[in-house]
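Taken in order, these protein sequences are the chains called A and B. Quick note on numbering: the first sequence equals residues 1 to 593 in full-length UniProt numbering. Quick note on numbering: the second sequence equals residues 1 to 165 in full-length UniProt numbering.
Treat the hints as calculated values from the structure; they're not laboratory data. Among these hints, one or two may not hold up.
[Unchecked claim] As a list, the in silico DMTMM-like pairs of lysine to aspartate or glutamate whose alpha-carbon atoms are at most 25 angstroms apart: (1) A/Lys464 x B/Glu156; (2) A/Lys576 x B/Glu156; (3) B/Lys153 x A/Asp573; (4) A/Lys228 x A/Glu295; (5) A/Lys102 x A/Glu89; (6) B/Lys121 x B/Glu38; (7) B/Lys29 x A/Asp186; (8) A/Lys563 x B/Asp103; (9) A/Lys555 x B/Glu38; (10) A/Lys147 x A/Asp261; (11) A/Lys563 x B/Glu155; (12) A/Lys247 x B/Asp23; (13) A/Lys535 x B/Glu125; (14) B/Lys153 x A/Asp432; (15) A/Lys272 x B/Asp143; (16) A/Lys359 x A/Asp585; (17) B/Lys29 x A/Glu293; (18) A/Lys576 x B/Asp103; (19) B/Lys24 x A/Glu293; (20) A/Lys272 x B/Glu41; (21) A/Lys272 x A/Glu293; (22) B/Lys153 x A/Glu295.
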Amino acid sequence: MAEKAEELRVLICQGTGGLASGAQAVEDAFRAEFEKHGVEGKVGKRCTVVGTGCRGLCANDVLVDICIPGQEAVTYDFVKPELVTQIVEEHILKGEVVAKKKAGPYYNKFLEKQMRVVFSRCGTIDAESLDDFLAHEGFTGIKKAVKMKPQEVIDEVKKSGLRGRGGGGFPTGVKWGFCAASPGDDKYLICNADEGDPGAFMDRSILEGDPYGLIEGMMIAAYAIGCKNGYVYVRAEYPLAIQRLQKAIDVCYEKGFLGKDCMGLGFDFDLKIKAGAGAFVCGEETALMASIEGERGMPRPRPPFPAVRGLWTKPTNINNVETFANVSFIFYKGADWYSSIGTEGTKGTKIFALTGKIKHTGLVEVPAGITMREVIYDVCGGILNNRKFKAVQAGGPSGGCLPGEAIDAQVDYDSLIKAGAMMGSGGLVVMDETTCMVDIARFFLNFTRAESCGKCVPCRIGLKNMLDILERITEGHGREGDIELLEDMCVDIKKASLCGLGQTAPNPVLSTIRYFRDEYEAHIKDQRCPSNSCKALLKFEVIEEACKKCGLCYKICPVDAIKWEKGEVAIIDKEKCTECTSCYDACRFMAIE
Amino acid sequence: MSNTQAQAEQEEIDLSQANEIIDKYINMKGALMPVLQEVQEAYGYLPEDCVQLIAERLNVYPSQIYGVMTFYAQFHLEPRGKYIIRVCMGTACHVKGAGRIADTLSNRLGIGHAETTEDLKFTVEHVACIGACGMAPVIMVNDATYGSMSVQKMEEVVKKYQGMD
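Just chain A, same shape as in the assembly:
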C-alpha cells in the first residue's frame, strides 16, 4: 500500500463490538493527539463487525492497526484512550513500538492457516471510503467483465467452479445461465442478505467491511444476466450493515458508478436496499420475493423457478452476499486461479463463523477442504476451559451435529453431507461436554417451529408435535418408543414439506439421534441428563471427590446459595438455590451435578 497511500494510517475496529468497547473514544483520542502533535495521518474505520469479524478477533477490542509507510503494520489490542497518547508519542513520533500492548502471538496463529480472499479487504481498508476500495483492485473486475460478452462472463463463472455460498451449493454460473436464457428484458437481481441462521454472521461482516465489493459483484452479475434492477434484502436486525451499504450505494450513484450507463461502461443498473422485518423463512427465495412485494413472506411451490417467474412475475436471479463477494475476486484474478483453490467439488475459500465453547470465537476464511480439526484447534485455539470437545453443529437449524469422531472430516459441501450435516451458510457452533444434545435438538426445533410460516401442515403441526415430545424428554417424562416415533416423523416431514425450512427442520433431531442416541436413552430410561444441562433433571450437588476447593462457584453464584471457605469443599444450599446453573458452568472440574 506504500506506493498508493504515502501517509500514516490508523485503522480502528468500529463494529458494534468495537463501539461497545469504546472505539469512538479511541478514534477521538487519536484525532486529538494528531492535532496536538501536528501529525498528518488518516484515522479510518476498519471493517466494523460485531464482536468478532474483520480479522476475527475483535473479542480483544478495541483493535488498532498503525500502518506507517514502508514499515510492517503493527496491531494493538485492548486499546483504551489512555493508551493512545503512549502509542502516538512512542510509536508514531519516535518509532518505538509499544511492545507490551501489541497483540499477542495468538493473533498471528489465528491468521496463519487462514486464506483471506473474500475478506482480504475487510479490516485492511476503510470500509466507508471509495478511494480505499479503488486502491485495492476495486471495480477492476467489472471493467474486465464488460469487455467480454455476457455469455463469456457466465462461462468464466462456470469455469471457476463457484458454488452458491448460501447453503445449497448450486453452481452459480449455471444459475445465472438459467436466468439469462429466460425471455424478456425486464429482469431482477436480488442479493439475499437475510442471514437468519443463528450462529452465522459472515454476510454481515462483508456488508459492513467491504460494501463496495458486494456492489461490484452484483454489477458483474447484472451485466452477465441482463438485469437492470437489483435489490439487496438485508435483515432489519443489522442496522449498521444497512447504514454502511446505503452509504456505499449513495456514493456510487453520486460518482455515476450506478444508475444509467454505469461508469460509462454501457449498461444500466439500479440498486436498492430492502429491509426485512424479522422472519427466518424470508431467507427462502420465494418467500423473500413475496416479502419484497409487500406480502407475508410465504414460500410458494417451485417450479416455476425464480429464473423463469420471480419477483413481480419477472425472471429473477438470487444469490447470497458471500457468493457475490466471491464473484468480484474471480474477475480480479481469473477463473483458473480461483479453481486452483479448494477441493474437487468445492472451489475457492469458505468463511466459517465459529462460536460456542471455543477459545477464539470468530470469523475465519479457509480454503475448502481443510479439516474441522484444523479449524477448531489450529485456527481457533481449541475448546474453552480445556474441556473435552463433544460435537460441532454445522449449517444452522437446517444442518446437523457432528460428533467427536467426525472432527477429521473435510469442510466442503460433499464431505459434510456425507457426514450427516451440511455446510449451510457456514455457522459452526462448538459444543463441549456440558452441552446436552437432546436440549440442542429441542432448541433448534423450537426455533424452526416458531419461524414456520404455517402454510403447509407437515411443518406447522409436525414440528409442534415433535417439539412436544422433545420437551417431555428433557423434562424427564420421556416414554419408551419416543425415539422411534421422532425418527418416523422426521422422515415424513422432510418428504412432505413445501419449502426448505420444513424439509430441513428435522435434520438436527435426526443427526443427534444418529450420533448421540445414548443421551436420548439416558433421558428416557434413567431420567438422567449425562451432560447435566437439562434443568429439570439436575440435582445441584457438589461432588466432593472432584471438588478442587477453588471457590469459583461461590464467586459466581448470584443468590449467595453456596457456602465456601478457603480449603473447604463448597456446599450448595438448596433452599436458596434458584437452579440457574451458573455454578455448573463456572466449575472447571465438573464437580457439580
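Take the given structure of chain A and dock chain B to it, following the hints.
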C-alpha cells in the same frame, strides 16, 4: 391496563406524520412494508388509526395489513417501552447460557417475552439471532450491544438503565 396506555388511547393520534410517509411511497411497488416500517419508527408502534389510514390510502384491506403485521416479528401493535431489551436466543448464546440471562431478567423486571413494564420503561424481547455470536451471550438495549453477558453483568446493565429517565 396502565394509565399511560389508557391515556394514549384516549388521545387523538396525530396522523400528519403517517400521511407524509405514505406520500413518499404511494406510487411505489411493494410500498406496504416500508410504510409500516417507517410509521412504526415514527410512532414507536403501529396505532390502529394509522393502520386504517394506510389501508385507505394504499388501497389494501386492513385485514391484509394485519396479516402482514402479525407475520413479521418486528411489527408491534401495542405501545412499547422506552428501553427495549433484546435478549439474543441464537444457538451460540443458547449454548453459553442465554436462557439463564433471560430468566434472571424476567425475575428482575417482572415481565416476560414481548411484554412491557407498566411504567412503559422496559420492553423485553427474546430474539432469534442478532449476529453477534462471537460475544455470546449477548443482549441489546435499544441500539447498544452488551456482549459476554453473565447474570451479574446483566444486573449492572439493568440497574444502569433503571437509574436513567
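The hints, checked one at a time:
1. A/Lys464 x B/Glu156: violated, 37 angstroms
2. A/Lys576 x B/Glu156: Measuring from Cα to Cα gives roughly 21 angstroms; hence the hint holds.
3. B/Lys153 x A/Asp573: Holds, because 23 angstroms separates the two Cα atoms, which is no more than 25 angstroms.
4. A/Lys228 x A/Glu295: holds, 23 angstroms
5. A/Lys102 x A/Glu89: holds, 15 angstroms
6. B/Lys121 x B/Glu38: Distance of about 22 angstroms is within 25 angstroms: holds.
7. B/Lys29 x A/Asp186: holds, 15 angstroms
8. A/Lys563 x B/Asp103: holds, 23 angstroms
9. A/Lys555 x B/Glu38: Not OK: lysine 555 of chain A and glutamate 38 of chain B at ~46 angstroms, beyond 25 angstroms, violated.
10. A/Lys147 x A/Asp261: holds, 15 angstroms
11. A/Lys563 x B/Glu155: Satisfied, since the Cα-Cα distance of roughly 22 angstroms is no more than 25 angstroms.
12. A/Lys247 x B/Asp23: Cα-Cα ~24 angstroms, so holds.
13. A/Lys535 x B/Glu125: holds, 22 angstroms
14. B/Lys153 x A/Asp432: Holds. Lysine 153 of chain B to aspartate 432 of chain A sits at ~24 angstroms (cutoff 25 angstroms).
15. A/Lys272 x B/Asp143: With a Cα-Cα distance of about 24 angstroms, the restraint between lysine 272 of chain A and aspartate 143 of chain B holds, given a limit of 25 angstroms.
16. A/Lys359 x A/Asp585: Given that 25 angstroms is the threshold and the Cα spacing comes to 15 angstroms, the pair holds.
17. B/Lys29 x A/Glu293: holds, 7 angstroms
18. A/Lys576 x B/Asp103: Holds. Lysine 576 of chain A to aspartate 103 of chain B sits at ~16 angstroms (cutoff 25 angstroms).
19. B/Lys24 x A/Glu293: holds, 17 angstroms
20. A/Lys272 x B/Glu41: Satisfied, since the Cα-Cα distance of roughly 20 angstroms is no more than 25 angstroms.
21. A/Lys272 x A/Glu293: holds, 14 angstroms
22. B/Lys153 x A/Glu295: Cα-Cα ~41 angstroms, so violated.
Against the hints set out earlier in the document, violations occur for numbers 1, 9, 22.
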